[in-house]
Amino acid sequence: MRAGTSRRGRLAIVLGTMALGGCNHHQSVFAAFGEEAAGINYITLVMVAGGMIVAAGVAGLMIWAVRARPGALSLRGGERLILIAGGLIPALVLAALLVFSLPYMRPRGVAPADLRIDVTGEQFWWRVAYRPSDGTAVVSANEIRIPVGRTVLFRLAGGDVVHSFWIPGLAGKMDMIPGRTNDLPVRATRAGRFRGQCTEFCGLSHALMAFDVVAMPAEAFDRWLAAQRRPAVASADPGAALFLRHGCGGCHAIRGTAATGTIGPDFTHLAQRATIGAGTLPNNEAARLRFLREPAAVKPGARMPAYPQLPETEARAIARYLGTLQ
Amino acid sequence: MIGRLHQRFRALRVTLWTLIVPPTGWAAHFLFSYLWAAVRCAKTGRYVDAPAIFWGGTAAALLVILASGWIAWVQARTPGDHPPHEAGTDSDRLRFLAYATLLLAGLSVIGVVFTALPVLFLRDCR
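Keeping their order, the protein sequence lines are chains A and B.
No gaps in the numbering here: position 36 of the first sequence is 36 in my numbering, and each next residue is one more.
To convert, count from 1 in the second sequence and add 1000; that's my numbering.
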């Protein structure tokens, strides 16, 4: 291959990769599905355009300055140029951009009737509690569903170390700090399945700490939340008994059973989630089995102990049982 | 009256100490803004609708900066040696210091205004 071709090829790969970035509608600031993210998108566009106009103006002035003949400006004219182009115009342009951007920093107003979702960052998963205005909590984990067209208040906290909560398509990121709560009001504008990610380094599996976000039509969301309130259906599955016998319930809760642990993620309706391990593996039997056997192989630093000593049939039965928790 | 003020100003002498008055005013206002917002939010949990103390502090900072800028503007025109005013004489040194103070005052006014603008737009402590 000639050098020229390969250079062109490399350029094509680089440009192609950059262009492919635009295809990401799953977790991207540019694929907004919420009003806050749309605002951030717009403000970014205006700032970049404004910056480009300023840069072009400065470059033009520099070209003119380099090419101008000596004496092209009088002393007074030069001083005036510096005052106007170097002082007044930048101050006014920056003030205009500042005034334009400031209203976007005003958080959305929240009414007491709005749905609140408490999300707590844990190493390396997300504790989720839906708190509708009637006060009862619906506990879940690692997947967040929100109604389209309604204001939702995320109340964020850190369970162990500092994490950060970011759903790029929905709103800006906000830190989750142990010992305090941060409020993030949002409103989704279109339904779909999206993704969020921890954006503050929190330990070995920080990069594997993600979650699915499902924006649903409001009525469908209400039905879903009502279904979530119900405990798990009693099961004669041998995996259910094994789950309890091996002590899984000491850390994981399955409402309606004797498993009431709160150290790890809630499993009551686990089968509805698309992924396990906080967005790390698909939610199928083989993946659940793999995670149960050796969590640290999937997620380094995960707090869950490994269970290599479980007989194969029993481990498989538990993994299968977890898949029945609709 | 203005004329007499001008004469008063000329009698003053800019030094390196007076040169830092405008940026010090800016810095003090910056610190004041953060303290004010932190104390308000810690005590009441929300902004006030008419933050009189904040606007008072901002006006005071602007007043100090504008006054020192005006004094500097007058002193930068002190008659004395011949142009281009870049010799190592007392008069030219004064003009230089005064002019530098004037430019710093301009920058500090912009800084104070930019620091204060968010208060017009933000309405709570989140």
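These are calculated hints, taken from the structure and not from any lab test.
Given the structure is predicted, the values throughout are model-derived calculations rather than measurements.
Please note that a few of the clues may not be correct.
[Unchecked claim] Computed Cβ-Cβ distance ranges for the label pairs, DEER-style:
(1) A/G57 with B/A1059: 28 to 36 Å
(2) A/S6 with B/P1084: 21 to 29 Å
(3) B/S1091 with A/E79: 32 to 40 Å
(4) A/D160 with B/A1027: 53 to 61 Å
(5) B/A1028 with A/I263: 44 to 52 Å
(6) B/D1124 with A/R80: 22 to 30 Å
(7) A/G22 with B/P1084: 23 to 31 Å
(8) A/F201 with B/K1043: 29 to 37 Å
(9) A/G51 with B/P1084: 34 to 42 Å
(10) A/A85 with B/A1027: 45 to 53 Å
(11) A/P311 with B/D1124: 56 to 64 Å
(12) B/S1091 with A/T199: 54 to 62 Å
(13) B/D1124 with A/A137: 21 to 29 Å
[As the list claims (entries may be wrong)] Which chain B residues stay away from chain A? Per the calculated CB distances, all over 10 Å, these:
(14) T1024
(15) F1032
(16) A1038
(17) K1043
(18) L1062
(19) V1113
(20) L1117
(21) P1118
(22) F1121
(23) R1123
C-beta atoms are modelled at their ideal positions from N, C-alpha and C, and glycine is treated no differently.
query: Which numbered hints does this structure break?
result: As far as the earlier hints go, 2, 3, 4, 6, 7, 10, 19, 20, 21, 22 and 23 are violated by this structure, in ascending order.
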